[in-house]
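Undergrad: Here is what each chain is made of, one letter per residue.
Number of protein chains: 2
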Amino acid sequence: MMKTAVLVLAAGRGERLGHALPKAFAALRGKTLLQRSLETAAAVPEVDLVQPVLAAVDLPRWFALELAAIAKLCEPVPGGAERQDSVAAGLAALPQDVELVAVHDAARCLVTVEEIRRVLAAASEHGAALLAVPLRDTVKRVRDGEVLETPPRSECWAAQTPQAFRVELLREALAKARADAVLGTDDAQLVERLGVPVKVVEGSPRNLKITLPEDLEVAEAWLAGAGPARSARREDQA
Amino acid sequence: MMKTAVLVLAAGRGERLGHALPKAFAALRGKTLLQRSLETAAAVPEVDLVQPVLAAVDLPRWFALELAAIAKLCEPVPGGAERQDSVAAGLAALPQDVELVAVHDAARCLVTVEEIRRVLAAASEHGAALLAVPLRDTVKRVRDGEVLETPPRSECWAAQTPQAFRVELLREALAKARADAVLGTDDAQLVERLGVPVKVVEGSPRNLKITLPEDLEVAEAWLAGAGPARSARREDQA
Numbered sequence: 001m002m003k004t005a006v007l008v009l010a011a012g013r014g015e016r017l018g019h020a021l022p023k024a025f026a027a028l029r030g031k032t033l034l035q036r037s038l039e040t041a042a043a044v045p046e047v048d049l050v051q052p053v054l055a056a057v058d059l060p061r062w063f064a065l066e067l068a069a070i071a072k073l074c075e076p077v078p079g080g081a082e083r084q085d086s087v088a089a090g091l092a093a094l095p096q097d098v099e100l101v102a103v104h105d106a107a108r109c110l111v112t113v114e115e116i117r118r119v120l121a122a123a124s125e126h127g128a129a130l131l132a133v134p135l136r137d138t139v140k141r142v143r144d145g146e147v148l149e150t151p152p153r154s155e156c157w158a159a160q161t162p163q164a165f166r167v168e169l170l171r172e173a174l175a176k177a178r179a180d181a182v183l184g185t186d187d188a189q190l191v192e193r194l195g196v197p198v199k200v201v202e203g204s205p206r207n208l209k210i211t212l213p214e215d216l217e218v219a220e221a222w223l224a225g226a227g228p229a230r231s232a233r234r235e236d237q238a
Numbered sequence: 001m002m003k004t005a006v007l008v009l010a011a012g013r014g015e016r017l018g019h020a021l022p023k024a025f026a027a028l029r030g031k032t033l034l035q036r037s038l039e040t041a042a043a044v045p046e047v048d049l050v051q052p053v054l055a056a057v058d059l060p061r062w063f064a065l066e067l068a069a070i071a072k073l074c075e076p077v078p079g080g081a082e083r084q085d086s087v088a089a090g091l092a093a094l095p096q097d098v099e100l101v102a103v104h105d106a107a108r109c110l111v112t113v114e115e116i117r118r119v120l121a122a123a124s125e126h127g128a129a130l131l132a133v134p135l136r137d138t139v140k141r142v143r144d145g146e147v148l149e150t151p152p153r154s155e156c157w158a159a160q161t162p163q164a165f166r167v168e169l170l171r172e173a174l175a176k177a178r179a180d181a182v183l184g185t186d187d188a189q190l191v192e193r194l195g196v197p198v199k200v201v202e203g204s205p206r207n208l209k210i211t212l213p214e215d216l217e218v219a220e221a222w223l224a225g226a227g228p229a230r231s232a233r234r235e236d237q238a
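The listed protein sequences derive, respectively, from chains A and B.
The letter at position 159 of the first sequence is residue 159 when you use our numbering, and the numbering goes up by one with no holes.
The letter at position 121 of the second sequence is residue 121 when you use our numbering, and the numbering goes up by one with no holes.
Next comes chain A alone, as it looks inside the complex (with noise of 0.2 Å):
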């Protein structure tokens, strides 16, 4: 079995939520997200270590927060202005026997255990894996202005964290992103770059992220039970 981790990155500031907080320290029935999102990666069996990455000026609450039942919980180390910056923060603290590594968002707190399992499980086999849903849009790539052309509605997958990956492929998809001055809007596209297949793990659209004060609405109906039951189907048509 290799040695895994999951990187909870916490560093986005979140500002559209509304809150004076940054994001992941808003609260879902009583509970941050972020607290949420920790929790459900440590209870994971087959990950060894749980990586928080913080904006540096959110240090401060982090220690305000009671953390201390959450087993396999690392110091959390201060992010960097882009994504891939607090990925190459959090992969740096860990220790150098880690081999498999989750990069998740703590904003998508209602990921569940299975999930990270399934993408933890695609990676370690394959090399890189991340969640994804089907999207229900039909998706136009529009450049200037005008369409520049219509994907197959049947291939096109809004990504998700979870994204999974061998250690020293992310290491090496983060150094090419920096030589080439290349910024992903997620990690899997870093490592595509490299040439390398990733695999994709259905998910749920449950697995929101929550960024709007909606988003925490519909996170609420999910938790209370009543949620929505927004369907992976694409719609009828006609």
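Don't take each hint at face value.
[Said to hold, decoys possible] What the simulated footprint calls covered on chain B by chain A, stretch by stretch (three residues with Cβ under 8 Å from a Cβ of chain A suffice, anywhere in the stretch; the number is not a length):
1. 41-50
2. 141-147
3. 153-166
In case anyone wonders, no lab produced these hints; they're calculated from the structure.
For glycine and all other residues, C-beta sits at the position ideal for the given N, C-alpha and C.
Fit chain B to the known structure of chain A by using the hints.
TA: Relative to the frame of chain A, chain B by itself:
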């Protein structure tokens, strides 16, 4: 000024809305989605005709609606099995002198007069245009369970309706799709296949397609004025 029609498509079955009724006949604040869409289309000054397209089995329901007050409204025509069959049926019902047509999903009943006007204006000038919003998600093109590519997020938009076209262009696009046995998930796609540039008009996330029960709840919230403030801006990523 070109003679202008709006096709309002309501032939979808919408089983997922959990109503016994087809979705266009579901009520939102005491008014069906269909009626709302028809009223908004009729309120556009540049629109001369509003042509509903219904499933044949729903025609009896139509006559139970009280729509006499809606100006410009034509008798409904029965749609077909596929979206483009319904569009073709609507087109065939229009007077020969109609030169510009917008196709709109009845289930997008929160569309505004201004949005329809802007799409019609762009199509009048350029031949083809659609309403769309930037996607918040990182989109993956996926084939056989692996990532094929990650299109740049700044280029990924979600198509909405209305989509508007010069009539002869849409007829040609439908004929070519039929000849090639191609099924599109939206109408613009068929016009794109002709190699004709399709303009993109930025819409609003408020113009959602009501497909699932929680979509009705979101639409209620919008109508109550307390609706979600889901922004078209990209999420922060760090």
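Undergrad: So, for every hint listed, does it hold in this structure?
TA: Hints versus structure:
With 0 residues having a beta carbon nearer than 8 Å to a beta carbon of chain A, the segment 41-50 of chain B misses the requirement of three or more and the stated coverage is violated. Beta-carbon proximity to chain A at under 8 Å applies to 6 residues in the segment 141-147 of chain B; the threshold of 3 is reached and the given coverage holds. Check result for the segment 153-166 of chain B against chain A: holds, 6 residues qualifying (beta carbon to beta carbon below 8 Å, three or more required).
Taken one by one, the earlier hints fail for this structure only at number 1.
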